[in-house]
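Sequential numbering of the sequence shown, starting at 10, is according to the working numbering.
Please note that the accuracy of each hint is not assured.
[Unchecked claim] Using 27 Å as the maximum straight-line C-alpha spacing, the simulated DSSO-like pairs for lysine-lysine come out as follows:
1. Lys284 to Lys300
2. Lys300 to Lys183
3. Lys263 to Lys284
4. Lys263 to Lys282
5. Lys284 to Lys302
6. Lys302 to Lys263
Since the hints were made in silico from the structure, they are not lab data.
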Amino acid sequence: MYSQSPLVGSKRKRYRQHRAGRSSTFRSFRAAIAGSRWSAPSVNNGPYRKDAATSSQEAAQLLHLSKTALLAGLLAVLLVVTGLRGYQALENSGAFQVRQITVQGCRTVREEQVLALADIRQGMPLLGFNLPETEQRIRSHPWIDQVSIRRSWPDSLHIQVQERRPLALVNIEKSSSQGLYYIDQGGTIFAPVESGQDIDFPVITGVDLPGESRGFNLSEGATADAVQFLRLAAQGNPILPMQALSEIQISRDKGIIVYLAEHPFPIYIGYGKIKTRYYQLVRLLERLYRKEKIEYIREIRMDYQTDRILVASLKP
10 MYSQSPLVGS
20 KRKRYRQHRA
30 GRSSTFRSFR
40 AAIAGSRWSA
50 PSVNNGPYRK
60 DAATSSQEAA
70 QLLHLSKTAL
80 LAGLLAVLLV
90 VTGLRGYQAL
100 ENSGAFQVRQ
110 ITVQGCRTVR
120 EEQVLALADI
130 RQGMPLLGFN
140 LPETEQRIRS
150 HPWIDQVSIR
160 RSWPDSLHIQ
170 VQERRPLALV
180 NIEKSSSQGL
190 YYIDQGGTIF
200 APVESGQDID
210 FPVITGVDLP
220 GESRGFNLSE
230 GATADAVQFL
240 RLAAQGNPIL
250 PMQALSEIQI
260 SRDKGIIVYL
270 AEHPFPIYIG
280 YGKIKTRYYQ
290 LVRLLERLYR
300 KEKIEYIREI
310 RMDYQTDRIL
320 VASLKP
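Construct the entire structure; sequences and hints are all you get.
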């Protein structure tokens with residue numbers, strides 16, 4: 010008979026213990042998996058319960074947003090009503106009334122005319138009139154080009170006007186509104202010449218307008234050369250400044266004809282190339298002044314040939 014050795018028994022015993030421990034661990038692991046598998050449906054218990062929860066949350070959010078929007082709207086209405094009542098209270102309280110009006114920039118236009126067009130009176134509420142409409146009424150005056158009105162709290166108004174700057178006069182000969190008119194720097198006829206006004210400007214003659222003179226622009230058509238010549242002279246050239254010009258006549262056959270203030274002879278400029286011909290005339294007049302021959306000139310023809318000037322003299 011064989012006897013079981015203590016070593017073999019101990020090995021078997023340890024082996025059983027090892028298997029027993031592994032089985033316990035394995036059973037625990039299986040139980041955990043089984044528990045997790047069983048509890049998973051409770052977390053996501055089908056699509057219907059999840060959709061219902063989502064819908065209820067969205068409905069709650071929409072209700073909250075609606076309440077917030079309603080409160081904001083009521084608050085805005087309250088602020089508007091309060092502001093209007095406060096504005097009306099200030100306007101009717103007499104605390105902000107017009108007591109001082111200043112007008113600046115007037116040279117030809119009188120201050121009384123500006124105030125009459127503005128329709129602003131002492132004691133009017135400083136808040137009670139429309140600034141853009143008031144400025145538009147003042148600009149309706151033919152001499153006023155720009156205007157701005159500024160409030161100065163608590164009781165003052167400042168009106169700043171900018172008048173038009175005349176470039177020359179134009180003599181309207183064959184129109185429903187005959188007479189002398191001012192033209193501005195842009196060549197637009199803006200006002201008739203009245204008694205006592207400044208007329209120390211060159212005069213454009215030979216203009217025949219088809220209708221109303223005021224608002225007509227002379228920088229278009231046959232009169233454009235005359236306006237361009239005047240603009241060049243207005244730059245202040247010492248030989249041929251604006252003050253040296255007396256008249257610019259417009260001729261359909263010969264273009265523009267210039268007359269100097271101190272000398273009676275005509276200068277036939279012709280059509281086109283006005284800038285070139287202006288400076289050619291400046292150089293010619295400079296030589297004539299320097300040689301003291303200007304007194305003997307009968308006429309100057311710049312329309313005779315291209316790039317040639319014909320000078321007719323009275324002196325043999």
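Consistency of the hints with the structure:
no.: 1; hint: Lys284 to Lys300; result: 25 Å, holds
no.: 2; hint: Lys300 to Lys183; result: 42 Å, violated
no.: 3; hint: Lys263 to Lys284; result: 17 Å, holds
no.: 4; hint: Lys263 to Lys282; result: 14 Å, holds
no.: 5; hint: Lys284 to Lys302; result: 25 Å, holds
no.: 6; hint: Lys302 to Lys263; result: 25 Å, holds
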